[in-house]
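Student: Chains as they are written, first to last, in the UniProt record's numbering: chain A, 1 to 146; chain V, 1 to 418.
Source of the hints: derived by calculation from the structure; they are not laboratory data.
Here the structure is a predicted model, which means the values were calculated and not measured.
Positions of the beta carbon are idealized from the N, C-alpha and C atoms, including for glycine.
One or more hints might be untrue.
Cross-link-like lysine-lysine pairs, in silico, DSS-like; alpha carbons within 25 angstroms at most [what the hints assert, rightly or not]:
{"no.": "1", "chain 1": "V", "residue 1": "Lys23", "chain 2": "A", "residue 2": "Lys120"}
{"no.": "2", "chain 1": "A", "residue 1": "Lys16", "chain 2": "V", "residue 2": "Lys23"}
{"no.": "3", "chain 1": "A", "residue 1": "Lys21", "chain 2": "V", "residue 2": "Lys380"}
{"no.": "4", "chain 1": "A", "residue 1": "Lys120", "chain 2": "V", "residue 2": "Lys380"}
{"no.": "5", "chain 1": "V", "residue 1": "Lys380", "chain 2": "A", "residue 2": "Lys126"}
{"no.": "6", "chain 1": "V", "residue 1": "Lys380", "chain 2": "A", "residue 2": "Lys16"}
{"no.": "7", "chain 1": "A", "residue 1": "Lys99", "chain 2": "V", "residue 2": "Lys380"}
Per the computed footprint, the stretches of chain V lying under chain A, defined by three or more beta-carbons under 8 angstroms from a beta-carbon of chain A, are [unchecked claim]:
{"no.": "8", "region": "354-361"}
{"no.": "9", "region": "367-377"}
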Amino acid sequence: MELDSLYQEVILDHYKHPQHKGLSPSYSAQVSHVNTSCGDEITLNINLEGDLISELTWDGQGCSISQASVSMMTDLLTGKSLEQAAVIVKSFSELMASKGTSVGDPLVLEDAVVFAGVSKFPGRVKCSLLGWMAFKDAAIQAQAKG
Amino acid sequence: MSFSAAQIRKDFPIFERTVREGKRLVYLDSGATSQKPLAVIKAESDFYRLHNAAAHRGAHQLAEEATDAYEAAREIVATFLGAPGGADEIIFTKSATESLNLLAYAIGNAPAGNRFALDAGDRIVVTEMEHHANLIPWQQLGARTGAELAWFSLTPDSRLDLSSINDVITSNTKIVSVTHQSNVLGTINPLTGIVARAHEVGAVVILDACQSVPHMAIDVKELGVDFLAFSGHKALGPTGIGVLWGHMDLLNELPPFLFGGSMIDNVTMTTATWAPVPAKFEAGVPNMAQAVGLGAALNYLTDLGMDNVHAHESALTGYLLTKLNEIADLRIVGPTTNVARGAALSFTVADFHPHDLGQFLDSQGVAVRTGHHCAWPLAKSMGVPASTRASLYLYNDENDCDALVEGILGAQKYFGRF
Numbered sequence: 001m002e003l004d005s006l007y008q009e010v011i012l013d014h015y016k017h018p019q020h021k022g023l024s025p026s027y028s029a030q031v032s033h034v035n036t037s038c039g040d041e042i043t044l045n046i047n048l049e050g051d052l053i054s055e056l057t058w059d060g061q062g063c064s065i066s067q068a069s070v071s072m073m074t075d076l077l078t079g080k081s082l083e084q085a086a087v088i089v090k091s092f093s094e095l096m097a098s099k100g101t102s103v104g105d106p107l108v109l110e111d112a113v114v115f116a117g118v119s120k121f122p123g124r125v126k127c128s129l130l131g132w133m134a135f136k137d138a139a140i141q142a143q144a145k146g
Numbered sequence: 001m002s003f004s005a006a007q008i009r010k011d012f013p014i015f016e017r018t019v020r021e022g023k024r025l026v027y028l029d030s031g032a033t034s035q036k037p038l039a040v041i042k043a044e045s046d047f048y049r050l051h052n053a054a055a056h057r058g059a060h061q062l063a064e065e066a067t068d069a070y071e072a073a074r075e076i077v078a079t080f081l082g083a084p085g086g087a088d089e090i091i092f093t094k095s096a097t098e099s100l101n102l103l104a105y106a107i108g109n110a111p112a113g114n115r116f117a118l119d120a121g122d123r124i125v126v127t128e129m130e131h132h133a134n135l136i137p138w139q140q141l142g143a144r145t146g147a148e149l150a151w152f153s154l155t156p157d158s159r160l161d162l163s164s165i166n167d168v169i170t171s172n173t174k175i176v177s178v179t180h181q182s183n184v185l186g187t188i189n190p191l192t193g194i195v196a197r198a199h200e201v202g203a204v205v206i207l208d209a210c211q212s213v214p215h216m217a218i219d220v221k222e223l224g225v226d227f228l229a230f231s232g233h234k235a236l237g238p239t240g241i242g243v244l245w246g247h248m249d250l251l252n253e254l255p256p257f258l259f260g261g262s263m264i265d266n267v268t269m270t271t272a273t274w275a276p277v278p279a280k281f282e283a284g285v286p287n288m289a290q291a292v293g294l295g296a297a298l299n300y301l302t303d304l305g306m307d308n309v310h311a312h313e314s315a316l317t318g319y320l321l322t323k324l325n326e327i328a329d330l331r332i333v334g335p336t337t338n339v340a341r342g343a344a345l346s347f348t349v350a351d352f353h354p355h356d357l358g359q360f361l362d363s364q365g366v367a368v369r370t371g372h373h374c375a376w377p378l379a380k381s382m383g384v385p386a387s388t389r390a391s392l393y394l395y396n397d398e399n400d401c402d403a404l405v406e407g408i409l410g411a412q413k414y415f416g417r418f
């Protein structure tokens, strides 16, 4: 069924067992983003050590796609430099804009290529991007402070 | 003729198509927008094919025909609502949202001495179950004028808490704007007490009737309200057409909101005076084809009989409520009994997110709405950030309800496997 391309096992696994969930007490920047059409919310804390993303933590509520996506993103981006992270975020955004025509680059996105199926469902692309947009915002704010 | 949803569906071309790899379309999202019968599609397209010209302008036959068609639609709406002052009390807008904003902005334009003039000593009353379209215009009008916004909260069974009505509608209240039926909860609000108290303190009552006009017989005289807004597209009509009805004496005193062509009486470079109601509120070339389409929609509903439509939906709501109440872990967000409630049924299922549930239902051909349904404060106050809503209409039947229930059970299985 077409639905299975959306609800990959690894997505539902992250939804059931979210990574890096629970906000760190201190942070370089904190942002809250909301999907105004459905009410999904994510608060994201970023900690930078120089150019390195030393810690990403989050809290939020929402659908499996939005929550799994932010969970997987925090896994993927922790320990990366801001420059590396920017490449990954760009690659993920392009995958989401592909309308099902791209499978994603596993060398860049690793597990996050499972979201390729989401790009076939226009109504869900915003869900999967919620955490990533929050990260972009947080990175800019943390750099501005730093 | 007995009421047959199956027969009615044949009038709606969209039900000839399938969705999601050949699935029968089970359309349970009429609370967002209704489907259109052929009569409406044809009326709109005939206007363009045969009569198109700018109404109230032009010295030619087409302009006359366009004007006649547009004004005939106004008559149909007036009759449908039982407007005591006839067609002149009907103002066409582009949507109910615009109707409510028109009121809020026009009231905001009222000069001192006008009965609508608001200032910091005044109060505007709404309810906690308002759609954003009947909350934000008033919230912002309050912010602009200094008037205080107050609201009725809800009881645990999703009804308006009217126990302290005199403390909510206070003597300084000028405006009471309430929804007739909640688009989320399905609750139908009792108006008698609200109208009586509002009029006692000299306030006007504005009714957001988006979720009631399409579904039940409405007579503005019986309701006793002063203004009523509804949208065409939820009542089988086209998008781009909404209605504002108001008592003529009030419309006469209300200042205009949009300025421009055809709303004027006399214009100089520095001054203008206004045309009589309703033209005063209809600046610019109106949405004529859409008004004509709405006329056809209301005629279609009148032919079926609004009491029959309501009886059908009420029976179906009872059927679906019973079925939903049987599903484990399903919680109805709204009245759980079929008393003073309409055919909008919102619910949550265990901790499945509505977006995921909606996606699964869509894969089965079942179209529902998910989210906060443009009533975010309500969602927050109920502790339900998002829910799934099935909204029924005249073309739905028990098979559609069964498909929804089957879909929910299927989703429980699908997402439960992890």
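Student: Hint by hint, note whether the structure agrees.
Tutor: For each hint, the structure was consulted:
| no. | hint | result |
| --- | --- | --- |
| 1 | V/Lys23 x A/Lys120 | holds, 18 angstroms |
| 2 | A/Lys16 x V/Lys23 | violated, 30 angstroms |
| 3 | A/Lys21 x V/Lys380 | holds, 22 angstroms |
| 4 | A/Lys120 x V/Lys380 | violated, 31 angstroms |
| 5 | V/Lys380 x A/Lys126 | holds, 22 angstroms |
| 6 | V/Lys380 x A/Lys16 | holds, 24 angstroms |
| 7 | A/Lys99 x V/Lys380 | violated, 33 angstroms |
| 8 | 354-361 | holds (count 5) |
| 9 | 367-377 | holds (count 4) |
Checked against the numbered hints above, the structure breaks hints 2, 4, 7 and satisfies the rest.
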